[in-house]
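Spelled out from the first residue to the last, the chains are:
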Amino acid sequence: MEIAVVDYKGGNVQSVLFALERLGAVPTLTCDPEVLNKADKVLFPGEGEAASAMAALREAGLDQVLPSLRQPFLGICLGMQLLGQHSEENDTTLLGLLPFHVRRFVPDAQHKVPHMGWNNLQALQSPLFAGLTEQDHVYFVHSYYAPVGEYTIAQAAHPAPFSAAVQHANFYGVQFHTEKSGAVGTRILSNFLEL
Amino acid sequence: MIKKRLIPCLDVRDGRTVKGIQFEGLRDAGDPVALAARYAREGADELVFLDITATNQRRQPLTELVREVARVLDIPFTVGGGISSVADVEALLLSGADKVSINSAALARPAFVSELARRFGSQCVVVAVDARFVDHQWQVMTRAGTTATGWEAVAWCREAANLGAGELLLTSMSHDGTKAGFALDITRAVSDAVPVPVIASGGAGQASDFTAVFQSGGADAALAASIFHFNETSLPSLKSYLHQAGIPVRL
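Line order of the protein sequences matches chains W and A.
As numbered in UniProt numbering, residues 1 to 195 make up the first sequence, in order.
As numbered in UniProt numbering, residues 1 to 251 make up the second sequence, in order.
Just so you know, these hints were derived from the structure itself, not from any lab.
The reader is advised that the hints may include incorrect statements.
[Unchecked claim] Going by beta-carbon spacing under 7 Å, a handful of chain W positions derived as facing chain A:
1) Q14
2) E47
3) G48
4) F105
5) V106
6) K112
7) V113
8) M116
9) W118
10) N119
11) A123
12) D136
13) Y139
Source: prediction; values computed, not measured.
Glycine included, C-beta positions come from ideal geometry on N, C-alpha and C.
The shape of chain A in the complex, shown without the other chains (with noise of 0.2 Å):
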């Protein structure tokens, strides 16, 4: 059977990693490439790497990273952060990534996501969508989480899928960095609204709470970053946790 994923995401800014790093035998602590062999090495199923400024400042992702990565890595991984064109796309899939994800421009243009998804296939188009609960409500973000867009996060989620995404990346923005556990309702309510995989994003702080976030929910893969940046929950421990919790996981 299929297994839940866990995917360490790296926040890169000019090649390097950002948000401290505090790996011990890293020499280069921010070096992206050093650091992705080492989440392969224990354990990781993905890895998501984000050009954190790019949508902002309207930079190209770094495909000479992506390609050093693709050098070393023999795990998927996923390109995002201001990918906005099928050139953006090409090159760095050309380079050796196995997705791009895809945010604001896919709420800017939605056809774009079914264009890259002809071109390219549904496999390797990820749609991230950023979501805050306001007045009782799920709503999309765009432009890194700055601008409301007036989508419904599940409308927008079946939406995408409907356009091509061939795997959705959600990401609580109410729960993203309070390591109070992932936004489970709307996870649930996506997961069960679309046929493709949703991997849920933000809040991670505690092994429980990636139990909690694949039964109760029902994602397919769970994105972190600083619970695993500091050291504060291994892989291996954390992956040894969820098997004896019954969820099916990659040992």
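If we strip away everything but chain W, and leave its shape as in the complex, we get (with noise of 0.2 Å):
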């Protein structure tokens, strides 16, 4: 199975790299459209910033690539984002493939933000989480969100729900970290790799 990981010099990639490895995949990291393509499966980690993270897909040409493909696509974190039509991050226009608006949390007395640590997974509905139940947490890092829709396919709460998964098509997206989540994100992992 042919694992790509897309590069676009906007993400910590190193961690999803690893975990992929411990799976005893080999993905290679690229950013070239034909390695895309022909991918069996495509991941997505983004980190940081929404704004230079567009800029930068813009720069790889690849905001017009990534809508075109049609394997499994799997958006990490920032990743999972992009994948939507618009962010508060400094009003940036995203890649527009799912119809959520990414909103930022109000910290409260009991409600850090960012969003950081283990929280568990509710509402789950898809084989992406297969095996797994609500009593299973992951590992969280955000100040925005995308608030619950039908494109919805696991929830998480701060203190109200949001998105902690989302899909459309072939696109799917994690607003945790798989990587850093255990055995329960490489349960994960595995399942999308079996997609």
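Dock chain to chain to rebuild the complex, using the hints, since each chain is given by itself in its own frame.
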């Protein structure tokens, strides 16, 4: 199986590569449209700030390439958010593959921002979460979130429910870090590779 | 709901863990990679690696060690000690560190915090604050706790969060090593003053100290070293204790 990890100098990709290697996969880090098109699975990690990530994608021409992909595609963290329409983070236009608008958490005394740490998943609705329950925890680090909508395939709460994972057609996204979520994250990555 | 985090801290020097580790079954007890993997298996929520000699000797943190840790570890980890440039941070993040912890460099030049937050995102910028209770005041110390800065702790923490720190690691030097419990008052004051998560450090001696720092101290996470290294309190038993005490933890 050919597994491509999108390289656009916009994220910490090393942890995702290591996690795939722990599963016995041999991922290719690439921004080459041909390699991306031919891959069986594409992973799209992202960290940092939305506007500069979108600028880096445009610079590499990936804003045109990624939406045309047809194989199972997994955006991680900022990589998930970039699949939406628009982000409040520096008023950024996103890739537009899913209908959500990314909003900022508002902190209160009990709920710090960034939402950082282990939170449990709720309302699991995808083969991506095969074998998991609502007692399972994954690791989040983010200040912006996608609201719950018809595209939501898992939720978490901080304190209100938000999209922990989204899907439209072949495009999947997870707000949490699968590669840093222990055995639960490994199972989700493994489930993705089996889609 | 988000869970309270337990974070073992590994002090490293020349690529080895220091502080006399006494785990059974670890052939090479000083190997930070093996120790990190063991903590992860036992339920650590994150790990922190501190290069303890780095600041005074101005030595670069060990990116090779970071790479080896990232290869085996499937939970987040932070690296700190002597980080003073954007290039230091980039090297560590590219090697697989999830966050970096900065201390003296942030005090020497607060704009450094903003530069890191803009370039890499607040989520990976931890500002470590060493505070000591002197003359009825919590004073911020620098250069491995050797020099007073003139900052009052809550004021500096608020400033660090404003500059773009995504998290604060607050160590009470007055409690560190005493095993008499965390500094609850300053932890609560900082936690109430900033919107970002606060990791409490210094003074962990027994399980009830963790209950106190999460409840009275308002900490989001608690960091400890020797209590875990010397196997005085195992992570699974501590988590089970906290769960029974009504503290939300990841079991």
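Q.
Of all the hints numbered above, which does this structure not satisfy? Sort the numbers upward.
A. The structure conflicts with hints 4, 5, 11 and 12, although it agrees with all the remaining ones.
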